[in-house]
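Residue numbers (the numbering used here), protein chains in the order written: chain Z, 1 to 334; chain W, 335 to 775; chain Y, 776 to 1082.
Since the hints were made in silico from the structure, they are not lab data. Where hints are given, some of them may not hold.
[Claimed, not checked] Pulled a few chain Y residues facing chain W out of the computed Cβ check, cut under 10 Å:
1) Gly818
2) Leu849
3) Leu853
4) Gly939
5) Phe957
6) Tyr1021
Where is the CB? At the ideal position from N, CA and C, for every residue including glycine.
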Amino acid sequence: MIQDTTTAAAPRLGAPLAGRPPRRRRSRAAARNRWTVLAFMSPWVVGFGVFFLYPLGATIFYSFTRYDLINDPTFVGFRNYVFLFTQDPLIWVSIRNTAYLVVAITVGRVVYGLLTALVLSKVKRGAGIYRTLFYLPALAPPVAAALAFVFLFNPGTGPVNQFLALFGIKGPLWFNDPAFSKPALTVLALWASGEIMVVLLAALLDVPTEYHEAASLDGAGALRRFWSITLPSISPVLLFAVVNSIIVGLQYFTEAVVAGAVASGSSDAVGNVASIGYPDNSTLTFPMWLYEQGFHSYNMGYASTMAIVLFLVSAVFTIILVRRMRVTGVQEEE
Amino acid sequence: MRKVIPAVAVTALAALALSACSGTGSSSSSLSPAPAADEKVTLTVWSGFADRELDVVNSALDGFHKLHPNITITSEGSQDDDKIAQAVRGGTAPDVAISGNANALGQYCKTGAFQDLGGYIKRDKVDLGNIPKAVQAYTQHDGVRCAMPLLADDYGLYYNKELFAKAGITAPPKTMSELRADAEKLTELNPDGSIKVAGFVPTIGFYNNRLDVWAPQFGADWQNSKGDSALATSKGWTDLFTWQKKMTDFYGQDKLTAFTAAAGQKYSPDNAFQTGQIAMMFDGEFRTGFIDAQAPNISYGTAPLPVADDLSGSYGGSDVGGNIIGIPKGAKHAGAAWELIKYLSTDTEPLVQLANGLKNVPTTLDALKSPDLKFTGTLAPFLDIFASKHSSSLPTTSNGAAFLKTATDFAVKWQTGGASDLKAGLKDVDSQIQNDNALQQ
Amino acid sequence: MTLTTTAVTAARPEPDRATAPTAPGRRRRDPRARARSVLGWIGLHAVAIAMAIGFIGPIVFVLLTALMSDQQALTKDLWPHEWRWDNFGAVFQKAPMLGYFGQSLLYSLTATAGMLLSSIPIAYGLAKLKWKGRTWAFYLVIVAMMLPPQVIAVPMYVMWAKLGLTGTLWPLILPNFFGDAFSIFLLRQFLVAIPTSYLDSARIDGASEFGVLWRVVIPMARPGIAAAALFMFLRTWNDYFGPLLYTGENRANWTLSLGLAAFRSTHQVQWNLTMAATILVMVPVIVLFFFAQKSFIEGIKLSGVKG
């Protein structure tokens, strides 16, 4: 329930209503209240203004310039936008890659997180141990996790392909094969889905058992109960998990960079231009291409153009979440 | 909150105003004088070297310090082009920067990230004629010379003598047809059909099979006389890709991919040539250093790279490229920096010292002729290759190696069968490169 | 819905698990149902164990590889012939890991401190102070939370470059002194659940809002604050893009994430040492988790509740 401090009748300011303290005292209290609020919120005023609004506006500005950060920016109109939408061959590759990762990571994390949470919710003995073991990988720093996975998925010597060979399956080249590099990254995301799992676990445990009891008394099977009772009950948390995963997918940078650089055998930290997105641009995500253009190729103007596109896409999902929250009501007070 | 909105707006505007003022400052175009003999100066030198190689560079820097005791040098390794660019942008640039390759030179010169050295060269009457023409070409862009060369790489054919003897081949191939014939003879298969020993791996992107190394051997020009991208118009490119496909088809695309995927890393001891799994390889002169250190028991020889059949008159050269050394914008001691650059890049003694230590080719004709240069045995052919009039270098562009990536991306697509129309594909590459360039203007 | 209860129960130890519904009259189990439930139990645990292996297996393999010799790490072997514990020491010789560790610690601790200093009052303002537009301010927090950092990377970099602070960790630390969106969100969720009656009685006693915050709310909100602090620490510890952008050029200020990503010889990756370094980088976080499990889990739950 959104609690609004203005009443529906919107009285004229200062008109004393019955039962309220006299005007002067109220306005003095109101003024003190305003200063208090400002005092508490002032860091955010600066934070939001300087570290959100200003850079967003500046990005828009820079997107219309050519800027290498060594010399002053020069205005070039819509040229960057034209280039982005019609002439940059790698932009669509990077968009496709990021889209793939957004879908794969979201579906993967939420589904696998739900699965593991379900298992955890049913296990009684040793639940704490299982939960710790399931969650531990989510703590691994992304750089470490990516390095570990490139090693584990090494086509020739890694344990994964050796394990597959036990079943007679000839393992693919994983991080060296354009068709399998993103799936390998998806597996990495699944492995680290512990955060989602814990959130969903809490939601699952919150589902009132009476609902389940009533339903099973009515003869509903486990699957039916899951579909009609569990899912709707946890749907708000599911929504949050989905939106969160989408935003993670849109920002996906570190693991792709490290995996590509290491798998290609390059010796720079981020990988030189020739090996970026190894193999064959399959791991080139949109944020990576943005970084490459802005900070390698001296194209800060063009990078800003890309940033605007990224912002618009993430804004869509943000708006969905906020609207959903407005509809269901922001929890205000006890 | 009536108060909040204006507060936010004011803060945002303040931040905007702050950033609008130019912070990088204008650099004066006047030349810095060399420091006086009693003036104490500390120079920061950045390079991309690490470990053993950094030690070699540091000893050359010590030599400079002995000649100029008033100048102390702080040497920082593992600094690649990214970091140099970051430092220039942030105003924390070193006095001297050594970049690992000349790909970024065009960007450095065009943006002014490296200072124009033309004035210094004229003032101190440096003889550029002492530097081979191909090397001069990659240290200047659009008439501005913003770096001096410091050691270079050239490329040759490495071949396994034992495998040659086993297959009855007496001399290394000189043309592409001979290369293919020899490769086919040298290839051995496992019982299950997979490749055991590959005569020659034609996969572009594998080890040092780079387009910049291959292109000159087929007479494939990167640019025409006007400076436009010429992949579709220069016949050499069609020859290159056609030859490459034929060679790939001999092995079978899948088998070749399986082989390259299982091959060891480029510079690690299990490099496939060093383990005898590849009979012939294109690689730079630095490979001899790796073989000495990691696989001393392999019996191998070196020779110039083969050329296309119709270019047999151009045999003996290769692509040439190397380190560049310059003064970044914002360097605090430009005058002293230039003294160091002059010393390292034109004096024979430090060049020979670096060449011997890093196993790279020195970049002045005097140094090439020096009796102290230990380029013997398998290294000897590389000196001739470097000095050959058939050697060339990549053109400098204002967006660095982006054109190389565009072309390589196409090459990868081509060799995995993703592009069937060669002519159309090459035309596409040209227009992409042109578009990329236009973005930089 | 049950959100408030979740937030409130976060202040108490974890509730009992939902047990299988046993309606009255079902206490007697016939043998078939019992067999089915035993099979179900076995099946469930089999799945759980398989999942656990999937999660922990990679870490185990990494550890085993970290103990192999140089040559063996390049082979297919999964079990080290000789247990080279000295590999962990070698990591420190190869790269200044202690220095990186110190930098990571500096970054994470100061960023977390800054976050707490600024975000607790902000969250309090959003949760417990009444003012017009409060809800919209909260939406703005969510908007800021969802923004990918790459969107504003360029102008932020320009700004810090003009201030001469690139090459240091300050561009990453300072913004947190003005509020961190995710932490504000988390803290606000937690504070909202604290019954206002406690605050009101303090206000009636004449305490200023700051006094209420300091003396009443913060002590009650300790678990939530601990959770937010832990999450901030973890987020900054694992940050790669930020340090890459701002400290890339200055090796002295590298954090562990940069150090690990660059951990290789000039020309190749030494897998055994790299895996050892990977383990070393993971250890502090895992240790922290074990000491602060409750706060971690509660914090994650808080971040997921709608509202």
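key: Violations among the numbered hints, reported as their numbers in ascending order   = 1, 3 and 5
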